[in-house]
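Put together the whole structure using the sequences plus the hints.
From first to last, the protein sequence lines stand for chains A and B. Residue 184 in our numbering sits at position 174 of the first sequence; the count goes up by one each step and never skips. Residue 220 in our numbering sits at position 210 of the second sequence; the count goes up by one each step and never skips.
No wet-lab data here; the hints were simulated from the structure. Careful: at least some of the hints might be erroneous.
To be verified - Here are some chain B residues the structure puts well away from chain A; computed CB gaps all over 12 angstroms: (1) 94; (2) 103; (3) 325; (4) 374; (5) 396.
Said to hold, decoys possible - Calculated lysine to aspartate or glutamate pairs in the EDC-like style (CA-CA distance at most 20 angstroms, straight line): (6) B:42 to A:267; (7) B:350 to B:416; (8) B:335 to B:125; (9) A:98 to A:125; (10) B:13 to A:333; (11) A:42 to B:346; (12) A:335 to B:333; (13) B:335 to A:47; (14) B:131 to B:107; (15) A:121 to A:267; (16) A:131 to B:333; (17) A:251 to A:183; (18) A:335 to B:47; (19) B:14 to B:47; (20) A:241 to A:209; (21) A:42 to B:416; (22) B:340 to A:346; (23) B:14 to A:333; (24) A:381 to A:354; (25) A:14 to A:333; (26) B:42 to A:300; (27) B:335 to A:395; (28) A:340 to B:38; (29) A:42 to B:300; (30) B:340 to A:47; (31) A:13 to B:333; (32) B:14 to B:51; (33) A:14 to B:333; (34) B:42 to A:346; (35) A:340 to B:47; (36) B:131 to A:333; (37) B:14 to B:38.
Glycine is no exception: its CB is placed at the ideal position from the N, C-alpha and C atoms.
One-letter residues, chain by chain:
Number of protein chains: 2
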Amino acid sequence: MKKKVGVAILGLGVVGGGTYRTLVDHREFYLKTQGVDISVECVLDRNLARLQELGVPEECIAGSIAEVVANPMVDIVIETIGGVGVAKDFVIMALQEGKSVVTANKEMISKCSHELERIAKRNACGLYYEASCVGGVPIIRTLLDGVQANHITEMMGIVNGTTNYILTKMDQDGQDYQTALKEAQRLGYAEFDPTNDVEGFDSTYKLSILSSMAFHTKVPYTKVYREGISKISACDIAIGKEFGYTLKLLVIGKNSEKGVEVRVHPTFIPSAHALASVNDAYNAVYLRGDALDDIMLYGKGAGAFPTASAVVSDVIYAATHSEIKYSTYKNTANADSATKFVTDFSSAYYVRLSVEDKAGTLAKISGIFAKYGVSIVKLSQKAREEVGEGETPRLPLIVITHKTTENRVKNALAKIDATDFAKVQAVIRVEE
Amino acid sequence: MKKKVGVAILGLGVVGGGTYRTLVDHREFYLKTQGVDISVECVLDRNLARLQELGVPEECIAGSIAEVVANPMVDIVIETIGGVGVAKDFVIMALQEGKSVVTANKEMISKCSHELERIAKRNACGLYYEASCVGGVPIIRTLLDGVQANHITEMMGIVNGTTNYILTKMDQDGQDYQTALKEAQRLGYAEFDPTNDVEGFDSTYKLSILSSMAFHTKVPYTKVYREGISKISACDIAIGKEFGYTLKLLVIGKNSEKGVEVRVHPTFIPSAHALASVNDAYNAVYLRGDALDDIMLYGKGAGAFPTASAVVSDVIYAATHSEIKYSTYKNTANADSATKFVTDFSSAYYVRLSVEDKAGTLAKISGIFAKYGVSIVKLSQKAREEVGEGETPRLPLIVITHKTTENRVKNALAKIDATDFAKVQAVIRVEE
Chain A
11 MKKKVGVAIL
21 GLGVVGGGTY
31 RTLVDHREFY
41 LKTQGVDISV
51 ECVLDRNLAR
61 LQELGVPEEC
71 IAGSIAEVVA
81 NPMVDIVIET
91 IGGVGVAKDF
101 VIMALQEGKS
111 VVTANKEMIS
121 KCSHELERIA
131 KRNACGLYYE
141 ASCVGGVPII
151 RTLLDGVQAN
161 HITEMMGIVN
171 GTTNYILTKM
181 DQDGQDYQTA
191 LKEAQRLGYA
201 EFDPTNDVEG
211 FDSTYKLSIL
221 SSMAFHTKVP
231 YTKVYREGIS
241 KISACDIAIG
251 KEFGYTLKLL
261 VIGKNSEKGV
271 EVRVHPTFIP
281 SAHALASVND
291 AYNAVYLRGD
301 ALDDIMLYGK
311 GAGAFPTASA
321 VVSDVIYAAT
331 HSEIKYSTYK
341 NTANADSATK
351 FVTDFSSAYY
361 VRLSVEDKAG
371 TLAKISGIFA
381 KYGVSIVKLS
391 QKAREEVGEG
401 ETPRLPLIVI
411 THKTTENRVK
421 NALAKIDATD
431 FAKVQAVIRV
441 EE
Chain B
11 MKKKVGVAIL
21 GLGVVGGGTY
31 RTLVDHREFY
41 LKTQGVDISV
51 ECVLDRNLAR
61 LQELGVPEEC
71 IAGSIAEVVA
81 NPMVDIVIET
91 IGGVGVAKDF
101 VIMALQEGKS
111 VVTANKEMIS
121 KCSHELERIA
131 KRNACGLYYE
141 ASCVGGVPII
151 RTLLDGVQAN
161 HITEMMGIVN
171 GTTNYILTKM
181 DQDGQDYQTA
191 LKEAQRLGYA
201 EFDPTNDVEG
211 FDSTYKLSIL
221 SSMAFHTKVP
231 YTKVYREGIS
241 KISACDIAIG
251 KEFGYTLKLL
261 VIGKNSEKGV
271 EVRVHPTFIP
281 SAHALASVND
291 AYNAVYLRGD
301 ALDDIMLYGK
311 GAGAFPTASA
321 VVSDVIYAAT
331 HSEIKYSTYK
341 NTANADSATK
351 FVTDFSSAYY
361 VRLSVEDKAG
371 TLAKISGIFA
381 KYGVSIVKLS
391 QKAREEVGEG
401 ETPRLPLIVI
411 THKTTENRVK
421 NALAKIDATD
431 FAKVQAVIRV
441 EE
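Given below as structure tokens:
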């Protein structure tokens with residue numbers, strides 16, 4: 011039995027365009043392999059040149075969102091506009107007309123899934139967002155239908171291609187942040203205003219979506235500790251390498267008896283760790299479950315076609331499954347009050363200090379760390395810094411701590427920074 | 011709305027036992043997170059000591075398969091017996107009573123899916139087998155519901171933990187095959203009769219299942235070219251390493267205009283390839299799709315709990331989805347006659363010859379390769395072999411070829427082997 015399904019695409023940018031081409035080019039293939047005939051009934055985009063470039067036939071071009079949602083041939087609406095403005099308005103209009111929605115919009119899902127899912131449920135239609143996280147890698151399908159047998163206790167991932175590209179360049183070519191960013195912009199990997207990526211917002215949205223699913227509780231993005239990569243120095247990447255570490259912008263989610271811990275920040279991981287060799291625009295997510303032990307999913311995290319793969323796989327799923335699976339947790343605007351969030355999280359630390367090259371300085375610094383209960387694994391002095399004439403010579407001192415709490419380290423470093431013999435230059439968390 | 015689902019487990023060995031404990035220990039968790047109350051209604055196993063060890067209550071122990079399938083409380087039957095004997099009979103009995111079946115049995119699915127699926131369809135019940143391939147890694151869910159948007163053009167994987175453990179030991183510790191096998195047996199990674207694993211049968215079953223799904227056509231295991239690891243010498247692993255290669259028992263599936271190509275054999279891959287660092291009992295599958303580019307799934311490929319994770323995730327899926335997805339291809343006893351299978355496949359080759367240390371030998375060997383159209387990338391002589399007094403000195407000659415066809419290489423090597431100045435010692439395929 012063949013099934014006929016009509017779709018509309020809102021926004022024919024990079025992902026929307028890739029989705030259009032994938033659907034059109036594979037129509038026969040899906041009919042043959044999935045038993046479903048998916049036709050693009052209409053598209054909505056103001057950029058007519060772009061529509062022409064993609065080869066959209068004129069009769070497929072809708073004049074307004076009202077026209078799209080009123081079209082009885084449209085069963086599924088694909089939203090690839092992005093952001094929380096019109097995208098959200100359009101999605102709500104589609105859901106209210108009983109059309110299932112497939113979206114690649116992490117910001118919207120992260121911020122508004124509670125609202126959108128409520129409308130979807132009320133109208134008995136589905137809301138699918140595999141494409142919102144990690145491009146073509148089916149991480150959401152895996153969390154929903156592949157590893158449900160497990161208490162997921164830990165999640166670590168590289169989910170932003172822009173920052174991973176920049177950090178890979180800084181690591182491999184010794185480039186500084188600004189140079190690597192400019193190259194990423196030139197290649198189209200980074201936007202003109204790169205804030206959303208480099209300051210970790212994009213990763214934060216994705217971690218909020220993925221950890222909500224993995225830990226079966228609403229994790230608002232506002233609960234995610236966030237730190238971007240714009241203050242990372244190439245010298246710290248190089249020094250970390252000497253210690254056997256690779257720097258990545260990681261999303262980290264942990265779920266234990268203490269509560270849920272979610273954070274996005276530059277992190278040193280052992281260079282032998284599977285995530286350390288995830289380079290350039292590749293992404294990966296590592297999960298630990300109480301039954302499955304650990305698994306990792308790896309692939310292209312962005313781009314027109316890898317993301318279209320996720321969009322279209324969701325479309326096929328929606329077209330071939332009548333069951334709609336909503337969040338497996340209480341999807342509210344805020345966190346579930348029963349869920350505790352750990353804010354004073356535990357980590358090991360890499361600290362770079364600039365210290366006076368004088369006898370006794372090391373002892374004083376070690377003493378401060380000890381006083382705050384932070385124990386040190388490694389101390390390493392580097393070659394003297396250049397200072398002005400007459401000034402006390404200074405040198406970089408690298409400290410690697412044992413696993414300790416965030417607060418202890420903060421307090422110790424505040425104390426050190428207040429002395430006249432040492433200044434804190436860089437603090438980077440270390441995951442073993 | 012909470013749903014109640016009863017399951018029976020047939021065979022409480024390693025995987026069955028892990029499944030029992032997972033279901034019992036997570037019952038509350040599944041009720042809370044998946045909205046389904048899964049109770050183990052009965053188990054079937056003749057080993058009463060094992061049942062006691064697992065803490066199975068007496069009232070849960072069934073006396074016969076007839077009792078299990080007649081039990082109206084049982085909705086889903088889990089088969090963890092293995093093999094194609096009673097396991098298959100029991101599965102058929104369960105399906106005929108309208109019970110959905112979840113199985114970890116790769117041999118049975120590979121050999122009999124056409125028969126079992128027909129019975130399942132006729133009785134409107136499901137047949138799920140995520141656990142048959144790659145333990146806790148949701149590769150089957152991914153192929154069914156995660157990457158369906160793609161023409162999958164290539165699949166490469168390490169899907170057998172026993173052989174990967176042995177090859178890892180041979181690689182890292184320089185052990186010979188027999189020593190590494192004995193250690194694997196001592197640790198319980200290899201069976202007393204290791205044939206099924208080391209000769210590649212297990213991998214062949216898995217590749218038949220995975221490539222059928224990936225390429226949307228029936229790939230009988232008999233169509234898979236198979237070569238095991240028992241003839242691999244530690245010296246070839248060591249020499250390969252010098253050339254930048256790591257040896258793995260790979261399953262390889264390709265789907266192109268020429269047809270479907272499926273093979274299982276020891277393979278040299280570049281040591282920088284993502285699969286090269288999949289060590290010990292870990293497994294991984296690498297997929298290439300026309301939209302998604304490449305992805306890799308990695309995790310524990312065997313063991314009680316990783317495999318139980320897959321079994322139980324299938325149980326939850328069956329319990330929460332009323333839609334049953336059968337094979338997306340024509341599932342018959344034999345290959346679809348419309349599908350071409352490539353047998354003279356293309357590959358690069360590593361060849362170790364033992365050659366006479368005499369002027370002109372190299373030229374003669376190069377000449378034979380050239381005559382058969384095989385071009386050589388690298389030639390490398392090793393230190394002289396020990397020979398008896400008076401015999402012509404011999405030395406190992408390593409030849410790495412360009413990508414060529416299997417038949418050309420076979421013909422060239424047969425010719426070389428028939429000479430008196432060179433003998434073929436080892437032939438290993440190379441994937442770049």
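Comparing the hints with the structure gives:
no., hint, verdict
1, 94, "26 angstroms, holds"
2, 103, "26 angstroms, holds"
3, 325, "8 angstroms, violated"
4, 374, "43 angstroms, holds"
5, 396, "39 angstroms, holds"
6, B:42 to A:267, "17 angstroms, holds"
7, B:350 to B:416, "17 angstroms, holds"
8, B:335 to B:125, "16 angstroms, holds"
9, A:98 to A:125, "10 angstroms, holds"
10, B:13 to A:333, "14 angstroms, holds"
11, A:42 to B:346, "14 angstroms, holds"
12, A:335 to B:333, "12 angstroms, holds"
13, B:335 to A:47, "17 angstroms, holds"
14, B:131 to B:107, "12 angstroms, holds"
15, A:121 to A:267, "26 angstroms, violated"
16, A:131 to B:333, "19 angstroms, holds"
17, A:251 to A:183, "13 angstroms, holds"
18, A:335 to B:47, "17 angstroms, holds"
19, B:14 to B:47, "5 angstroms, holds"
20, A:241 to A:209, "10 angstroms, holds"
21, A:42 to B:416, "33 angstroms, violated"
22, B:340 to A:346, "47 angstroms, violated"
23, B:14 to A:333, "17 angstroms, holds"
24, A:381 to A:354, "18 angstroms, holds"
25, A:14 to A:333, "17 angstroms, holds"
26, B:42 to A:300, "17 angstroms, holds"
27, B:335 to A:395, "66 angstroms, violated"
28, A:340 to B:38, "17 angstroms, holds"
29, A:42 to B:300, "17 angstroms, holds"
30, B:340 to A:47, "18 angstroms, holds"
31, A:13 to B:333, "14 angstroms, holds"
32, B:14 to B:51, "11 angstroms, holds"
33, A:14 to B:333, "17 angstroms, holds"
34, B:42 to A:346, "14 angstroms, holds"
35, A:340 to B:47, "18 angstroms, holds"
36, B:131 to A:333, "19 angstroms, holds"
37, B:14 to B:38, "12 angstroms, holds"
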